[in-house]
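Visitor: Going down the list, the sequences are from chains U and S. Using my numbering, the final residue of the first sequence is 1319, and nothing's skipped along the way. Using my numbering, the final residue of the second sequence is 219, and nothing's skipped along the way.
Take these hints with a grain of salt, some might be off.
Stated by the list, open to error - What follows is a set of in silico ranges between Cβ atoms, one per label pair, in the way DEER data are often shown:
{"#": "1", "chain 1": "S", "residue 1": "Phe217", "chain 2": "U", "residue 2": "Ser1235", "range": "34 to 44 Å"}
{"#": "2", "chain 1": "S", "residue 1": "Asp108", "chain 2": "U", "residue 2": "Thr940", "range": "15 to 25 Å"}
{"#": "3", "chain 1": "S", "residue 1": "Ser133", "chain 2": "U", "residue 2": "Ile944", "range": "23 to 33 Å"}
What the hints assert, rightly or not - Calculated cross-link-like contacts (lysine-lysine; reagent style DSS-like; alpha-carbon spacing at most 27 Å):
{"#": "4", "chain 1": "S", "residue 1": "Lys64", "chain 2": "S", "residue 2": "Lys2"}
{"#": "5", "chain 1": "U", "residue 1": "Lys1144", "chain 2": "U", "residue 2": "Lys1015"}
{"#": "6", "chain 1": "S", "residue 1": "Lys77", "chain 2": "U", "residue 2": "Lys931"}
{"#": "7", "chain 1": "S", "residue 1": "Lys68", "chain 2": "U", "residue 2": "Lys1224"}
{"#": "8", "chain 1": "U", "residue 1": "Lys933", "chain 2": "S", "residue 2": "Lys68"}
{"#": "9", "chain 1": "S", "residue 1": "Lys175", "chain 2": "U", "residue 2": "Lys1317"}
{"#": "10", "chain 1": "U", "residue 1": "Lys930", "chain 2": "S", "residue 2": "Lys77"}
Claimed, not checked - According to the in silico footprint, chain U covers these stretches of chain S (three or more CB under 8 Å from chain U):
{"#": "11", "segment": "37 to 47"}
{"#": "12", "segment": "103 to 115"}
If you're looking for bench data, these hints aren't it; they were derived computationally from the structure. Glycine included, each C-beta is placed from N, C-alpha and C at the ideal position.
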Amino acid sequence: MKKQKMFFRMITASLIRRHSRMLVALLAIAVGATILSGLVTIYYDVPRQMGAQFRNYGANMLLLPDGEEKLSEESAERAIKAIDKEKLVGAAPYRYESVTINTMPVIAAAADMDGARAASPYWLINGDWPSADKEVLVGKTLAATLGIKQGSTVNVVYENETAKEQADKSDESKAKEKDGGKAFVASGILETGGTEEDYIFISLSDMAELTGVKGKLDAVELSVSASQDELKAYADKISGLDIDVSPRLVKRVTQSETTVLTKLQALVFLVTAVVLLLTMICVATTMMAVVAERRKEIGLRKALGASNGSIITEFMGEGLLLGGIGGLLGVVFGYAFAQAVSMNVFNSSISFRPLILPVTVVISVLVTGLACLLPVRNATDVDPAVVLKGE
Amino acid sequence: MSLLELKNISKIYGDLKALDDVSFKVEKGEWLAIMGPSGSGKSTMMNIIGCMDKPSLGQVLLDGVDISKESSKSLTNIRRDKIGLIFQQFHLVNYLTAVENVMVSQYYHSMPDEKEAMEALARVGLAERAKHLPSQLSGGEQQRVCIARALINYPEIVLADEPTGNLDEANENMVIDIFKQLHRDGTTLIVVTHDPEVAEVAQRTIVLEHGRLARETINENFKD
Chain U
929 MKKQKMFFRM
939 ITASLIRRHS
949 RMLVALLAIA
959 VGATILSGLV
969 TIYYDVPRQM
979 GAQFRNYGAN
989 MLLLPDGEEK
999 LSEESAERAI
1009 KAIDKEKLVG
1019 AAPYRYESVT
1029 INTMPVIAAA
1039 ADMDGARAAS
1049 PYWLINGDWP
1059 SADKEVLVGK
1069 TLAATLGIKQ
1079 GSTVNVVYEN
1089 ETAKEQADKS
1099 DESKAKEKDG
1109 GKAFVASGIL
1119 ETGGTEEDYI
1129 FISLSDMAEL
1139 TGVKGKLDAV
1149 ELSVSASQDE
1159 LKAYADKISG
1169 LDIDVSPRLV
1179 KRVTQSETTV
1189 LTKLQALVFL
1199 VTAVVLLLTM
1209 ICVATTMMAV
1219 VAERRKEIGL
1229 RKALGASNGS
1239 IITEFMGEGL
1249 LLGGIGGLLG
1259 VVFGYAFAQA
1269 VSMNVFNSSI
1279 SFRPLILPVT
1289 VVISVLVTGL
1299 ACLLPVRNAT
1309 DVDPAVVLKG
1319 E
Chain S
-4 MSLLELKNIS
6 KIYGDLKALD
16 DVSFKVEKGE
26 WLAIMGPSGS
36 GKSTMMNIIG
46 CMDKPSLGQV
56 LLDGVDISKE
66 SSKSLTNIRR
76 DKIGLIFQQF
86 HLVNYLTAVE
96 NVMVSQYYHS
106 MPDEKEAMEA
116 LARVGLAERA
126 KHLPSQLSGG
136 EQQRVCIARA
146 LINYPEIVLA
156 DEPTGNLDEA
166 NENMVIDIFK
176 QLHRDGTTLI
186 VVTHDPEVAE
196 VAQRTIVLEH
206 GRLARETINE
216 NFKD
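In isolation and in its complexed conformation, chain S is listed as follows (with noise of 0.2 Å):
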């Protein structure tokens, strides 16, 4: 059984479809890349697949279980609970510290843990910044707070959205590492990107072209 299974998935809104019947399933430890020019529906597969949104039609399966006809607080559950997000934006908060940042996503998800907190910041290369606020963070720092808070509470599914969009080429680079690593560590892993060498780096690449799915690479030279 996929990790994640999407069965003809559709999004509606008036008359534009955003997602016509796009289908496509993805394994536990996989590494998968969302490719696709603006107004492809990236964002739109994104959203539904991490439960901020719902499909006007098809089915999603996360573990076997259909979560498209969920309510909107049981979706927050499951958010919570096995999807860790990664925003091209970062979106911290900007009043907490980098360690407090981290510790929100444990705070609503079961309790607070500065200690591994701490850890989680270390695996990022961001054990001596833990105290710093958000304004005192480069922007290749604040992503790896964003990657740290996504995997502190252990989620099955890694979710990026552009997760370099903002960064320049070294941060860039630092990022496909820790991406890298937590592939070699099992995370399941979904970035959806428009930067073709970011989608390189994945195991496997899908197209969206005008909400339909165009095509489907292996990457046959992936290497961890």
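Same shape as in the complex, but just chain U (with noise of 0.2 Å):
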């Protein structure tokens, strides 16, 4: 029988039926890779998982005139493609037009409602969506002002600048155009907590229907899921499409993901550090105790002949077993940790990176080995005169 045949005969049978001693220490290791790699996982996940998360506040980017005209619907699909598809969370072309209702002026805004709901998901309607032509969502305050509710018709009537001299002129012309009006339905009552709750919105196709002008766009407010520097890019890339669309990035919105990821990112860095350190005591200090119970087994191997050598590279074989199990058992239950993490707080699932495999499982390996170290060099000044010494 070869020597390194033995030597894997002694250290597995050490492991396998010592396995109540050796089961605390696996138990110890495996933690320590488990929250190990749990965390890594999630720390390389949370900018996208937060990005994510993000998307829930709101445009990041818009798209302006590039000069005093309006943007037209062509230019502003030119620059939405420039965009990558998994990337665009949603884009939410606006149209705004002066309209009357009830002879109250009113900014109506006239939007994509499938874009609006994707780029605004932190909109709050009492009631429904529109899904039909001729209805609209009307702001909170503007309702409360003109009582209306949901299901109540509202006449909505468009002035041009013509139409606004005319109507100057003679409360006749502004009766004429009070009757010309066009009649929506309000599915619901928008609550944002800002400046939209002054305004009604109706569908770009009614806007363009009652103004009589279609395809042409004030603004189209986008939320990518990427990063500052991402979405510098992408408005780098819009600007030279040579369309005359000028991309700006909502600065409020970007800077502070940038800000909350970069802490964040650092917390987890961190907790990872201590809790890699605190594996590192707790593995050494359970090393120390299998070492130390095992002196006289010590003893006994080195009034058997064997040199101190023989006796480090045993333990850390040992040791270095227990390290390399651990850590894959430290991979398989930190996915878990990180998914069941990842179900909790963002709500969506994470993906098995295989980079963490190799990393955890060297690292184990190198805590285990390095705990080890000094309880295996302490063990080899045992004096096994003394440690076999009769009663």
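With the hints in hand, could you dock these two chains into one complex?
Guide: Next comes the structure, spelled out in structure tokens:
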């Protein structure tokens, strides 16, 4: 039998037949490796998860007309196409026009309702989103002023500049325009906590019908799941398209995202480092206890002619094998841990990063090796004559 | 030339002389018993002969070579190559089977050979128990595994420290019978004991008292 074979036979026998003892050490390593791999997984997934969370707080990029003219729908579409599909959470084109409701001047915002819903998920609707033609959302403040409720009919009159002048001249013409207004149904009342509560929201097609002008926009709100740098890159790409679109980052949002992400990642990193240190102490303590209770065995091995090197190799072999097994268990449980955290905190699943496997196993082996080194080195000082003494 | 010669050995711990100017020889193939009450210096003598300790004064000649000034590393090598140790408390590795315990000694000495280890166990009547763990063996069986382990590398001296101290009479007789067989085979045996019955079966007995060699007796009725 080769010496190596006997070496493995001895260390596996020690691990298997002393299972209750070794289980404690293995548990210490596996728990450490679990938390380590779990936290590292979360650390790398935080930007993606938080990015998705931040998208709940509205648009982080605006497309505005590059000049006095309104933005054409074609240009807006080209600009939106410049953003990777998987990164684009929502795109909401807007067109703003002055209208009157019950003779009160009001701003009507025409929007692609699906886009607005995706780009502004924080909007609270009392009622329903418009799902058919001639359905509108009415801002909460505006609704209160005009006494509009969900299901009310709202008569919207479009006033272009000429009509306005005429209206100033005679009450008669005003009354005429009022009669020429279009009736809409308020499908819901909109609460945002912002200026949107003063607006009425209608669909782009209804706005085109109301005004007789089609394909013109004032702005497009974009919600993009990307870091500040990536957003800047998209903005540069759009600027280079040679279209009448001026991309702007909503700095209030993008900078907050970057700041929060940096701090959160620093926190997770710190916790990971502390856990690693605690694991090391825990494993070292366990290994010290394991080695201490085997002083007699070490004495015996020395009495049988084992060199200090052989004893260190055998005990380190056991420790490293334990570290490897503990690391593998840690990868499995760590992924489950990260998944549970992700589901509970971010409400979405997490993807497995293959690199975590070798990293966790190598770190577990190194930590266990380091933790074993000191107690094993001390163990070689055992005097066989003392520990093997008879009665 | 004697196999082992102790010349004016003293072992001093502070003011205490555990061994005081002890000299004796052991010839190759001889069976010597070292007797004495507790505190007489038997264990210290066993440790010095077993290369686990060094004398404060005097010389220990093994095969004509003075080993009293050797480093602990060289003593480890000498112990591995020339001494077979048998302990009162057996000291088997509790997670290794009987045959694996024997192979551990081969592992440190040269090459583990399971077949040879099985033969060694067969010689002490334990072939059937080779795959058992120490906890599954009786005290007598454990001591026989310990003897097989001590013999596996064909040591020049087999040194036994109270080999029957933890055994009942039946197992004591069994161990003594194995020693007789070993002696017939030409093995040099040094048995440290406080049991007169174990000492009586040896060829020669030396008695230690207060660290000194009190007397030496030859067993006239010795027979293998």
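Visitor: To test your reading of the hints: which numbers does this structure violate?
Guide: none
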